[in-house]
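Undergrad: Please put together the full structure from these sequences, using the hints given.
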Amino acid sequence: MKNKKILIPIIDLLIVAIFLIIWEVLSQAKIINTFIFSSPIRIYKTLIDLLLNGNLLMHIFVTLKEVIISFALGTFLAFIISILLYSNKLLAKIIDPFLTMLNSLPKVALGPIIIIWAGANTNSIILMAILTNVIISIITIYHGFINTDKLKIKLFKVFKASKSQILYKLVIPSNISTIVNSLKINISLTLIGVIMGELLVSKKGIGYLILYGSQVFNLDIVMAGLFVLIIISFILYKLVLLLNKKIVSN
Amino acid sequence: MNVILNNIKKIYNNQNDNFEAIKNISFNLLDGEIISIVGKSGCGKSTLLNIISGLDKQTRGEIIFDNKNPKISYMFQTDALLPYRNVLDNACLGLELMNNKTNDNIDKVKNMLKEYGLKDFIYSKPNKLSGGMKQRVALVRSLAINPDLLLLDEPFSALDYYNRIKVSEDVFKILKNNKVSTILITHDIAEAITMGDKVVVLSSSPSIVKNIYKPNLDDNLSFIDKRNSQKFNDLYKQIWRDLNEK
Ligand SMILES: Nc1ncnc2c1ncn2[C@@H]1O[C@H](COP(=O)(O)OP(=O)(O)O)[C@@H](O)[C@H]1O
Ligand SMILES: [Mg+2]
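So the protein sequences, as listed, match chains B and G. Just so it is clear: in the first sequence, position 119 is 99 by this note's numbering, and no numbers are missing. To convert, take the position in the second sequence, counting from 1, and add 5; that gives this note's numbering.
To be clear, the hints were calculated from the coordinates, so they are not data collected in a lab. All values derive from a computational prediction rather than experimental measurement. Note that beta-carbon positions come from the ideal geometry of N, C-alpha and C, so glycine has one too. Please note that a few of the clues may not be correct.
[To be verified] Simulated DEER-style distance windows between Cβ atoms: (1) B:Leu(-7) with G:Asn104: 26 to 34 Å; (2) B:Phe78 with G:Ile9: 22 to 30 Å; (3) B:Asn83 with G:Asn12: 44 to 52 Å; (4) G:Glu250 with B:Ile60: 32 to 40 Å; (5) G:Glu250 with B:Asn127: 37 to 45 Å; (6) B:Ile227 with G:Phe24: 40 to 48 Å; (7) G:Asp22 with B:Asn127: 22 to 30 Å; (8) B:Asn68 with G:Arg232: 49 to 57 Å; (9) B:Phe78 with G:Asp61: 32 to 40 Å; (10) G:Leu60 with B:Val(-4): 58 to 66 Å.
[As the list claims (entries may be wrong)] To spell it out: a stretch of chain G is covered by chain B in this simulated footprint if at least three of its residues, at any positions, have a beta carbon under 8 Å from a beta carbon of chain B; those stretches are: (11) 72 to 79; (12) 98 to 106.
TA: Okay, here's the thing in structure tokens:
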């Protein structure tokens, strides 16, 4: 069992290494066109170059900033809206069809409207990301709330608990793990939203870097941007998992 | 506290049909008494407790309490403990919700927990406890507010046979020592007889009171001895017949 735990990441790394080696070998042998596909060594060189001369850290920082703001705002909004919906059954009934509709709507379609509303700037990117993450978070958290153990609600009512006592001492604490779980989906969606936003409007950030690379037909930059993006999303996801574990174990 | 139930009727009004769960139930509970209510599952027992506790409203009839604003506690088949609170904070829940969590009361709750074999678990989370222990915490939670009336809805059903007899006997002693007015609902005839000063037998749904018995067993007997007495056996057969009558 313990061996498997170490073995699996090693196998994963091996797969990545073999993939990179084959890619590089095929490029060197001119079997694949590096102009379209780039190659691991070219990506590496581009990354170093971008780091030294191309503000790579600035782009990473911009994207991270947008992600963190949208993630925090989206989570906060989802939490508050879920509480409002829970506290007001009528409001919940009225809002419910809109939530379902918005949830299935591809948010990227809203991009042009958002740009007109919020301007071609960071605000648009954050708005885009929040629209992407907030709906499903509301649905998840609200459903957790309304599925709170009926018997426990009964218990609270027999003890003559007020509505706010039921909310703060029962409904919210019972749903901590639902809320924390929703963060996992939230972080992935936030990243999607931010990159979509950057592709649409920005002059900075990893999404912009990728777009710029494709516009000047430099696939090395596109691939380097993608690589950074993969690393960022991996680290963010792991951080949320860590947070998840910390909170749930408490 | 004395409680009088007068001709309680309950009809659930749903969108397309009305369902009569209780046809007519009347009985009196005297202060400090334990009343057992037996009936087949689905005959409206939980409905009745919901009405008595004020969570639901009867369609007809009246309930008269001695006190204007009676303090009522409720215990269910499952312990309904909050997993994110330790045993003490769970036991103090009622006091807390009624804004009565004074230091004196907390000490009282601690003493109760110690007395009922939970001394080493006061600051543990409920998941560290056995099923029987959890039910005892739930009982302390119910008693902590010093209730005028305690409602027990099949509180031992989730326990295995051995613990069921054991825990119900413990609970019986505690209720008698504290003179708690109690209504116990069960589908277990033996439990109803061993616990109750009176046993109210309900018919199938829509329920009416078929019979009310007074077991008159010696309170000092252990539950096992009670179960072996002639009176117990006669009453058991009688109630069995009542329940199976058309
Ligand atoms: N809210 C409700 N609406 C309609 N019917 C109900 C409702 N609650 C319970 N019932 C019905 O009333 C009957 C009695 O239920 P209940 O009081 O839970 O029975 P018991 O506790 O004796 O098993 C059942 O047939 C049940 O389906
Ligand atoms: Mg029931």
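Undergrad: Now look at each hint and say whether the structure bears it out.
TA: Hints, verified against the model:
1. A C-beta distance of roughly 59 Å is found between Leu(-7) (chain B) and Asn104 (chain G), which places it outside the suggested range of 26 to 34 Å.
2. As the Cβ distance of Phe78 (chain B) to Ile9 (chain G) is approximately 51 Å, the hint placing it in 22 to 30 Å is violated.
3. Between Asn83 (chain B) and Asn12 (chain G) the beta carbon distance is about 51 Å. The supplied range of 44 to 52 Å therefore holds.
4. In this structure the supplied range 32 to 40 Å is violated for Glu250 (chain G) paired with Ile60 (chain B), their Cβ-Cβ distance being about 58 Å.
5. Between Glu250 (chain G) and Asn127 (chain B) the Cβ separation comes to about 41 Å, which falls inside the hinted range of 37 to 45 Å.
6. Taking 40 to 48 Å as the suggested C-beta distance range, the pair Ile227 (chain B) and Phe24 (chain G) conforms, at roughly 44 Å.
7. Separation of Asp22 (chain G) from Asn127 (chain B) is about 27 Å and conforms to the stated range, judged on CB atoms against 22 to 30 Å.
8. Asn68 (chain B) and Arg232 (chain G) have their C-beta atoms about 53 Å apart, which keeps the hinted 49 to 57 Å range intact.
9. Taken as a hint, the range 32 to 40 Å holds for the pair Phe78 (chain B) and Asp61 (chain G), whose Cβ atoms sit roughly 33 Å apart.
10. A beta carbon spacing of about 59 Å between Leu60 (chain G) and Val(-4) (chain B) agrees with the range 58 to 66 Å that was offered as a hint.
11. Chain B is given as covering the stretch 72 to 79 of chain G, and this holds because 3 residues of the stretch bring a CB closer than 8 Å to a CB of that chain, at least three being needed.
12. Coverage of the stretch 98 to 106 of chain G by chain B holds in this model, with 5 residues showing a Cβ closer than 8 Å to a Cβ of that chain against a need of three.
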